[in-house]
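Number of protein chains: 2
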Amino acid sequence: MRGFFEPNSVAVIGVSESPDNLARRIVQNLHEFEYDGIIYLVGARGGRAFGRRIYKSVSDIPDQVDLAVVLIPARYVPDVIEECGQKGIRRAIIETAGFSELGKEGKELEMRLSEAAARYDMRFIGPNCIGVINRANGLAVPFPGLKNVFGRGGISIISQSGGVGLDYLNMLASENLGLARFASIGNKLDVDECDLLEFLIADEQTSIICMYLESISDGRRLMRLARSTRKPILLHKSNTGKLARDIAQSHTAALSEDDAVVSAALEQVGIARFYASNTLLNFLKVLPLPPLRGNRLAVLSRSGGHAVICADACERHGFSLVRFPREFLEEIEKHFRAKVIRLTNPLDLGDLFDYDVYDRIVERTFSLEDVDGMVFLHTYVSAVEREASRAFLKRLEEHSFKAGKPVAACVSTDSEEMSVLRRTLPHPVFTTPEDAVAALALKRDYRHEVLEEPRVEQAGLDIDGIREILSRCEAENRPVLLDEGLRVLELAGIPVARWRVAESPDEAAVHAEELGGQVAMKLIASEVSHKT
Amino acid sequence: MRGFFEPNSVAVIGVSESPDNLARRIVQNLHEFEYDGIIYLVGARGGRAFGRRIYKSVSDIPDQVDLAVVLIPARYVPDVIEECGQKGIRRAIIETAGFSELGKEGKELEMRLSEAAARYDMRFIGPNCIGVINRANGLAVPFPGLKNVFGRGGISIISQSGGVGLDYLNMLASENLGLARFASIGNKLDVDECDLLEFLIADEQTSIICMYLESISDGRRLMRLARSTRKPILLHKSNTGKLARDIAQSHTAALSEDDAVVSAALEQVGIARFYASNTLLNFLKVLPLPPLRGNRLAVLSRSGGHAVICADACERHGFSLVRFPREFLEEIEKHFRAKVIRLTNPLDLGDLFDYDVYDRIVERTFSLEDVDGMVFLHTYVSAVEREASRAFLKRLEEHSFKAGKPVAACVSTDSEEMSVLRRTLPHPVFTTPEDAVAALALKRDYRHEVLEEPRVEQAGLDIDGIREILSRCEAENRPVLLDEGLRVLELAGIPVARWRVAESPDEAAVHAEELGGQVAMKLIASEVSHKT
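Heads up: the sequence lines are chains Z and S, in that order. Note that the first sequence covers residues 1 to 532 in the working numbering. Note that the second sequence covers residues 1 to 532 in the working numbering.
A portion of the hints provided could be inaccurate.
A pair counts as met if it fits within one copy or between any two copies, since identical chains are not told apart.
[Said to hold, decoys possible] Derived DSS-like pairs: lysine-lysine, alpha-carbon spacing no greater than 27 Å straight-line: (1) K402 / K107; (2) K87 / K56; (3) K231 / K394; (4) K443 / K242; (5) K242 / K104; (6) K402 / K334; (7) K402 / K231; (8) K107 / K87; (9) K107 / K242.
Just so you know, these hints were derived from the structure itself, not from any lab.
Could you build all of it, start to finish, from the sequences and the hints given here?
This is the structure we're talking about:
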């Protein structure tokens with residue numbers, strides 16, 4: 001999968017001189033995101049665009065091309081993929097729509113497409129998708145024109161739908177949540193969510209994986225992959241009911257499953273499942289915070305009303321509010337002499353307008369052993385307290401990390417200030433106590449441990465050992481023999497049936513006895529490919 | 001209550017020369033909102049501010065003052081109210097905190113405050129509040145500094161909490177929902193939510209009433225008022241559980257009620273009850289749209305993924321998706337020749353990028369008899385389609401009103417464009433299909449008819465008749481007699497028991513017979529106050 005995200009050169013196929021041409025936007029996105037590889041333009045009518053030549057065919061490109069991005073009418077796609085194969089291109093992203101989601105005719109096109117790709121060992125994403133983004137190297141090939149407003153970060157997205165994928169991108173941008181990789185997979189005729197998930201699990205830039213799916217291609221594999229990683233996997237799965245079935249079929253050729261079965265299976269392997277993007281977003285916001293190790297919250301509030309609303313939300317979500325110890329309250333009273341502070345939990349900061357005092361109260365509250373996490377309800381008028389508030393909200397997160405306990409900051413201010421906060425704060429903020437508490441509840445309830453088998457690479461992937469075997473075969477110019485193949489699997493940490501090499505029938509008989517049970521025999525010889 | 005919103009002059013009491021002085025912000029707000037009356041400043045230390053003299057006492061003000069806004073330390077409030085009374089001020093807003101919400105001492109202060117006000121027949125809002133805003137005349141007296149970003153409209157707000165009240169104001173501003181009146185009522189020691197509700201029900205500028213309450217002062221009156229009006233009343237009632245009880249008590253001295261009883265009672269009289277501000281906001285957004293007369297929706301979508309999510313949401317909220325008639329689909333297919341359109345409901349507009357065609361499809365869809373309402377899911381990249389999209393979204397609402405059927409527009413675009421849309425569109429937009437469908441479900445399920453007695457003013461409030469009786473009493477310098485009082489009630493549309501005036505015992509006997517049943521007799525004489 002790495003080839004889809006880190007190509008040294010990209011051919012955008014379907015570019016024309018017409019200003020309405022959709023494929024031009026792909027090129028614009030590559031420019032906007034400052035792709036660090038080489039871009040080639042291809043279009044049947046040739047010409048020029050963006051100061052570049054438009055080649056009439058990929059075969060005209062004088063250099064090697066790692067990735068083809070295809071946006072041409074569906075009927076031409078199989079032939080163009082054939083040409084790509086001949087050119088030696090082994091990765092393609094096919095954004096064109098009009099395949100199996102449109103019925104029988106499209107289905108046939110898909111078969112021809114698959115055959116062409118198979119002939120050249122080509123892997124492809126799509127068709128009917130908007131492709132990938134790699135924030136690290138600026139590879140951004142969706143055809144909708146984008147602005148590179150995405151911070152770098154550890155969140156990667158796999159979306160079956162291009163439109164919903166864009167939604168998730170917009171969400172990340174507006175909440176200043178950092179992006180690593182993005183892939184829209186459409187009809188997933190070849191590459192599916194599991195292929196990408198496997199890549200993202202191993203990917204060092206990805207720490208959180210978000211998926212939007214309308215159908216699950218291979219449930220067993222999805223579960224095995226989820227079990228193998230500690231990285232949180234958040235899944236927004238739609239197409240749950242009767243009404244969605246038809247439209248999902250025609251959208252990304254997705255078949256719906258029994259939703260209750262899906263939910264139960266996902267829960268088993270620690271995938272967090274969502275029914276709407278905004279609840280998923282709530283969870284995304286609190287995921288990077290320190291863990292919530294218990295159920296006991298402290299609520300600090302500048303507004304009594306929000307404190308009341310928050311206390312109700314805590315009760316609805318099964319949290320308890322710590323009873324602050326008397327010494328703690330007395331200390332606050334003594335040091336800060338704030339008359340209007342209410343010494344309960346929620347702690348109403350009332351008319352106390354001193355941010356340094358807030359700092360000390362936050363620090364002391366986090367230091368209480370009984371406190372597992374905090375909600376800070378901050379209300380301010382930007383005209384008056386802008387600078388002090390922004391600085392305090394930054395420090396709030398520092399306190400949280402120092403204490404190793406999470407804080408959900410809920411801010412109530414005018415919408416202009418709110419959007420500044422969202423763009424500039426290093427951590428996300430909530431706008432209602434309900435959302436803040438719901439997010440902490442998701443964090444509390446989320447359990448995702450590595451289950452059963454450890455991750456392949458943790459079991460000791462012996463790259464050097466594998467390399468040695470493969471180089472030997474290459475040097476001797478012969479295929480990998482059966483015993484070598486089995487050994488490669490073992491070195492990769494993949495369990496295989498017990499096996500021995502016998503040089504003679506007698507030796508075979510001895511081994512068979514040692515192995516016990518039924519034993520299969522296979523011939524090893526460089527002249528004979530393995531066949532049972 | 002009108003006196004609180006339409007005073008010809010306001011005295012802001014508690015102003016000093018110090019730049020940190022909170023009461024100065026009240027004056028700034030009056031300037032910012034361009035209050036059309038006269039402003040007087042009052043502060044114990046005198047001086048100057050905003051090019052005005054600060055009077056040391058209200059008694060020093062040479063002119064009549066209609067409304068006093070008080071923000072001074074709690075212990076001085078009763079005496080200042082006494083001075084206001086002597087000055088002839090009959091309305092006060094007391095923003096100072098530190099009364100019964102702080103316990104026994106504050107409770108005593110409240111008693112002294114109430115006594116002082118009662119001596120002068122003064123009505124007051126608060127204490128412990130942020131006062132009122134009247135968008136029409138620019139009266140804006142909250143002490144947090146505000147920007148006048150509020151459009152004029154029919155939404156009025158009553159909030160027990162100042163902070164939550166500000167939240168609601170921010171919500172209206174950011175969604176471009178128009179404001180009529182705002183009142184934060186705090187400890188509601190004198191004026192309570194029912195007093196204001198009664199005013200807003202009769203208020204010609206108010207068409208929708210939103211309330212945030214932590215306690216209900218007079219449940220019977222609230223229900224009676226709700227029954228008397230067709231105006232929608234939306235109530236966000238918090239303080240529902242054990243955890244909130246203490247903090248609500250210390251916040252606005254609110255006692256919590258049995259929440260299930262509250263809910264049942266509210267439902268009975270057609271008050272829409274909410275547990276969080278964002279669901280209330282969803283409802284606010286669809287309230288002004290044409291009514292949803294049935295359960296059958298049409299979903300039009302530019303993004304297949306959003307269509308799938310929306311279909312699921314429709315199912316969860318109990319909507320059915322109209323099966324589009326074949327003629328309709330054929331017509332669309334013939335006229336628009338859109339290859340990638342999916343001819344189902346949701347109707348996937350796919351790669352059809354023609355806004356004029358959207359217009360015609362929307363119009364035709366609304367014209368289908370089976371369609372009760374519409375969800376339009378619009379996805380666009382602002383860099384490319386900004387102008388066309390904004391114009392189309394405006395037309396979408398026009399189509400809705402022309403058809404007399406509601407449309408919930410759900411827009412997915414970058415956050416910058418989104419905030420422009422929110423500020424400039426005449427109607428609100430949603431950001432997720434879930435919210436759009438949930439809002440339509442609220443609209444469908446909301447039933448608020450005038451129950452039992454008709455509204456007082458609809459029954460024909462005869463102001464002139466009442467005035468005539470009262471002027472006669474005043475001219476003759478005597479109290480209102482019993483028969484006059486009963487007549488006043490009748491002229492006000494308030495039902496009274498049947499009554500007659502008898503000049504002699506014989507006449508009384510005749511009347512008693514006519515009236516039938518048990519009859520009570522009362523003495524009418526200007527020397528004797530009415531007593532049974």
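Which hint numbers does the structure go against, in order from smallest to largest?
1
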